[in-house]
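Note that the protein sequences, when read in sequence, are chains A and B.
So the first sequence is numbered by this note's numbering: it starts at 1 and just counts up by one.
So the second sequence is numbered by this note's numbering: it starts at 1 and just counts up by one.
In short, the hints are calculated from the structure, not lab data.
Just to be clear, a hint being listed does not mean it is correct.
[As the list claims (entries may be wrong)] One-sided excerpt, in silico: chain B residues whose CB lies under 10 angstroms from chain A:
| no. | residue |
| --- | --- |
| 1 | Ile60 |
| 2 | Pro97 |
| 3 | Cys105 |
| 4 | Phe110 |
| 5 | Tyr131 |
| 6 | Lys144 |
| 7 | Asp147 |
| 8 | Leu148 |
| 9 | Gly149 |
| 10 | Val154 |
[Unchecked claim] Think about it this way: if two alpha-carbon atoms lie no more than 27 angstroms apart in a straight line, the pair counts; the simulated DSS-like pairs of lysine-lysine are:
| no. | chain 1 | residue 1 | chain 2 | residue 2 |
| --- | --- | --- | --- | --- |
| 11 | A | Lys144 | B | Lys144 |
| 12 | A | Lys144 | B | Lys151 |
| 13 | A | Lys179 | A | Lys55 |
| 14 | A | Lys140 | B | Lys151 |
| 15 | B | Lys140 | A | Lys151 |
| 16 | A | Lys39 | B | Lys58 |
| 17 | A | Lys151 | B | Lys144 |
| 18 | A | Lys53 | A | Lys40 |
| 19 | A | Lys140 | B | Lys140 |
[What the hints assert, rightly or not] Cβ pair distances, simulated, as ranges:
| no. | chain 1 | residue 1 | chain 2 | residue 2 | range |
| --- | --- | --- | --- | --- | --- |
| 20 | A | Trp228 | B | Asp22 | 51 to 61 angstroms |
| 21 | B | Arg23 | A | Lys25 | 43 to 53 angstroms |
| 22 | B | Thr61 | A | Glu155 | 28 to 38 angstroms |
| 23 | A | Glu155 | B | His185 | 34 to 44 angstroms |
Everything numeric in this text was worked out from a predicted model, so none of it was measured.
By construction, the Cβ of each residue, glycine as well, lies at the ideal position given by its N, Cα and C atoms.
Protein chains: 2
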Amino acid sequence: MRAVILLSGGLDSCVSATLAKDRCKDLFALSFVYGQKHKKEMESARKIGRYLKVKEHKFITIDPNLFSTSSLVNKDLSIEERNVDEIGRGIPSTYVPARNTIFLCYALAFAESRDADFIYIGVNALDYSGYPDCRPEYIKAFQKVADLGTKRGVEGRRIRIETPLIHMGKKEIVELGVKIKAPLHLTWSCYRGGKKACGRCDSCLLRLKGFWEAGYRDPLDYEHYPDWYDLEKLKPLDF
Amino acid sequence: MRAVILLSGGLDSCVSATLAKDRCKDLFALSFVYGQKHKKEMESARKIGRYLKVKEHKFITIDPNLFSTSSLVNKDLSIEERNVDEIGRGIPSTYVPARNTIFLCYALAFAESRDADFIYIGVNALDYSGYPDCRPEYIKAFQKVADLGTKRGVEGRRIRIETPLIHMGKKEIVELGVKIKAPLHLTWSCYRGGKKACGRCDSCLLRLKGFWEAGYRDPLDYEHYPDWYDLEKLKPLDF
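Put together the whole structure using the sequences plus the hints.
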């Protein structure tokens, strides 16, 4: 079997792709460059792709001007800092218009042209950052587009959108990643692109909370740790 | 009001965009370059955009390798010729994997970032070329993706996918185009990119049939006319 995997370079897509690797012989990876403020994510995506021995890895460049309302890509907007318990309330400024829809569309075209049976995407609806296009009902709607809008779908050989993490929190994702030996040390989640992860943005906070609750030490280095994260109490991971 | 218009350079998108112009003050045009065998379509799209005085016209380049199974973009495959009554039976080799899905996704991101209320796409399900992603149920499924997957949708200000031609045949589209004074003389439909339209491919045949049935002379020049198309019996159009 064959799968297209969406690789952002982050924790979730790394675990999701490792699951695809366990199920499918051939992987086809897709990563997107859309004017992110740093290149760390793409370096991580490339490393994860190599680690999983993908047959083909495409990097798609998308005109960032299309997304110019998002603070993730517009350098004139700053990324807000929130407490970890505020995350998920309301749609944050880092929201990128129709991002997952574009990712899934490309994955669909790629899957159909490579005759792949699955698309693996690491979205999750718990501990998510408030983006509308991470919800199960959204994925269900997209599956229908895939079924109705492709030759494979019409011929009854649907391309399945697989969202193995959708009902998991970050804690479960970390636990699963450790269990299936996903290359977590190669991932990057921080919205900023420093030498070390910042430890302050939404993405760092959610990730650290996941590692903390799972009882493992995050293999990445951080500039700052929130006061509830106590390195000494956590099991280190080997890679 | 504002609309994103998808401009392929063909007859249908020209008529659809002219309808958008009648309704909306500001138009934002999107056209796609995905390794088509010729540039005529894009030249036409640009001319139509200028004619309609769009505020912004984006040309999006999509890696043609993604679509490498389609005869429209793969130079090793030939475009089949069929009789006009065979068109619509089965999915032809010109099918491009998930094409409309990719177009609509970009339109969705563009619409959200420009705060547009509508997306105008010139798909039609009658006299269509057998593509699954031109059917009303497909568009309905995509509307749901738009409602669930965008900030505007979640906030109750949905971006509406407008498909004014979806239930029309080519005859009605030509009649409507003439009525609303759409710049039909600027369009290009032929799959091949000669100086004149070929008059033999699916797209030429459907178009000529539409003009023939509507009783108007197609303003384009053709290399070849099918024997049922009698120039002398048709009203000429003025532009």
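Could you tell me which of the hints above the structure violates, numbers in ascending order?
none
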